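From first to last, the protein sequence lines are chains A and B.
Per our numbering, the first sequence starts with residue 1291, numbered consecutively.
Per our numbering, the second sequence starts with residue 42, numbered consecutively.
Worth flagging that the hints you see were computed from the coordinates, not collected in a lab.
Here the structure is a predicted model, which is why all the values come from computation and not from measurement.
From the three backbone atoms N, C-alpha and C, an ideal C-beta is built for every residue, glycine too.
Among these hints, one or two may not hold up.
[Stated by the list, open to error] Here are a few chain A residues that sit away from chain B, every Cβ distance over 12 Å (derived from the structure): (1) Leu1293; (2) Val1294; (3) Phe1390.
[What the hints assert, rightly or not] Lysine to any residue pairs mimicking SDA-like chemistry, simulated, CA-CA at most 25 Å apart: (4) A:Lys1317 / B:Ile202; (5) B:Lys471 / B:Glu334; (6) A:Lys1388 / B:Lys471; (7) A:Lys1403 / B:Arg388; (8) A:Lys1386 / B:Lys471.
Spelled out from the first residue to the last, the chains are:
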Amino acid sequence: MELVIALFIGLLYASGVYLLLRRSIVKLILGVFVISNATNLIIFLSGGITRSGVSFIADEAEKASLETMTDPLPQALILTAIVIGLGIAAYILALKYKYFETTGTHDLDQLSKTDQK
Amino acid sequence: MIIALPIFLPLAFMIFAFLFRHFHGREYVAIGAAALNLLISVFLLIEVNTDGMVKIQMGDWPAPFGITLIADRFSALMVLVSAIVFMATMAYSIQSVDSRRKSFGFYLFSFGILMGVNGSFLAGDIFNLYVWFEVMLMASFILMSHGGERNQLEGAIKYLILNLISSFFFVAGIGLLYGKLGTLNMADIAQKLMSYETMPPELNPAFILIFVGFAIKGALAPFFFWLPASYHTPPPVVTALFAGLLTKVGIYSLIRFYTLFLHQNSEFWQPLILWIAGLSMVIGVITATSQFEFRKVLSFHIISQVGYVVMGLGLYTVAGLAGAIFFLAHNMISKTNAFLVAGYVHRQKGTLNLKVLGDFYKEHPLWAIFFFISAFSLAGLPPLSGFIGKYLLIKAGIDAQQLGIAFTALFVGFFTLFSMVKIWMEVFWKKTPEKQPVPIIKTALFDDKPVYINWMTWSSGAMAIIIVLTGVFATPVVDYCTLAAESLMKPSEYINFVLNHTQEL
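Based on the sequences and whatever the hints tell you, model everything.
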């Protein structure tokens, strides 16, 4: 199962990078979202999917009885990361909308007005 | 208890600013809060200096399970310097930010940056560090695009995408590290790493991901492109705030990570960090000399000066780290002040294009002196603070037998002087050209309400005085930095202090 998810994360990163390299700003933003979710999956996977140790139980006997439980901390971390990602997603879409309103373009190559000639 | 205040005070101000957004005295409340923050950080510094380290376990959960806030001498100094920078920029903003921006939460988001920065300096837990980074970034994204001018939106998109990618690198590294070590507390990670004979190779991907994340945030050599593409677009005071605080947090975290974790694999990291430092210095300074926009010249200089700090880290001796800490503190103040002067020039002339400007020394001699002090402190002329910083670093480089990097630093110092003289000649000395070769573009509005105190002059002047004083009376500061560097070189003290369960606060 780990291998399948690992390959899937790789696929997500590949598509994210592909989208980042497109010229349209919308696709750039989609690429950022995809990479953000791939990163969340990395945390999820690195915590172990099944039969990992529970992080904060010191007692070995108690730990053995909980063998089939997975470590809950990475999932809490992902929850935080998802909330941050959501806030950023809201902001970035608003920024894109404002940019489109001001300039009327989606093209990343037009983002050179502030560069020096 | 005092250690949590630099985080809670900005939060309290943010709640205030959100609830009372129509209150017109908001800028004075902001200055009051910034001054209170400065006072708190002075007390924190005094307390840390007597005890060595201060910590608090949030929610009283013992380390390594609960979140630790810890201040050692290095982080207390950084909190103090960022409080000075923040105070100056807040006072400056009263006149230099237009009332529309103020009423749409300029102060709210500035304090968001302060909260994120203080949190990152005090965090003792890597995931907590990531969260503070995000707090700081979120506030900085908003300030970057705040006002919605076309230039700002362009700069904000570039800034946002590259910084988000650096956060992904960082958080992916944290995930891998947690997967291997099962802990997020920095002291606990360091302890687990020390128990290994050699660094296990499966940890290297995690460290490289985290390193790249910090390198992008700190604008180091191959990763700096977001900085000069965006820093010249927002209102000048925002650039001053960013230049003083944001990249320095990335460098602070890099120093913290290197001294706690990465030094155990130093035969790999040390040459890499020295090369990156050298490349940042050279690339930053050479590209800066070819720019013809005031803030762009200064932005490229940020890259080269970050290189100096990382050079001190790469030497990894007490003298080198002490130099790095001193240089970091000096750079935060001098750089911010240089941008504050740029803001004043912009306010008077409506442009920052070097080709169009001129005669500023004749018209505003006081501001010319402020610029002279901060720019030549950046270039490293005695008796200003930059000279002490560069002297410490280059001497440490020669003592550590790293002659290549020491001479690179000397050579880069020469070019820094060259481009500072270029700004001096173009903006302050030469006559304003009669035929304007490029059209003047006004990019930001100002608040022209009459005020009784000339806040801009006072804030920039205070910063200039601090620069001169740190240069002239450098001995206590250098001693303090040496103590800070000594405690950074002994990570076991940090580990014992955090994990010692009996010594709860």
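Verification of the supplied hints:
1. At roughly 15 Å from the closest C-beta of chain B, the C-beta of Leu1293 (chain A) stays outside 12 Å, upholding its exclusion from the interface.
2. The Cβ of Val1294 (chain A) lies farther than 12 Å from every Cβ of chain B, with a closest approach of about 17 Å, so its non-interface assignment holds.
3. With 12 Å as the threshold on Cβ separation, the claim that Phe1390 (chain A) sits away from chain B is violated: the shortest Cβ distance comes to roughly 10 Å.
4. Distance hint between Lys1317 (chain A) and Ile202 (chain B) is fulfilled; the C-alpha atoms sit about 12 Å from each other, no more than 25 Å.
5. In summary, the hint linking Lys471 (chain B) to Glu334 (chain B) is supported, as the alpha carbons are separated by about 16 Å, within the 25 Å threshold.
6. In summary, the hint linking Lys1388 (chain A) to Lys471 (chain B) is not supported, as the alpha carbons are separated by about 40 Å, beyond the 25 Å threshold.
7. For the proposed pair Lys1403 (chain A) and Arg388 (chain B), the alpha carbon gap of about 22 Å is at most 25 Å, so the pair holds.
8. A threshold of 25 Å between alpha carbons decides the hint, and for Lys1386 (chain A) with Lys471 (chain B) the separation of about 42 Å lies outside it, so the pair is violated.
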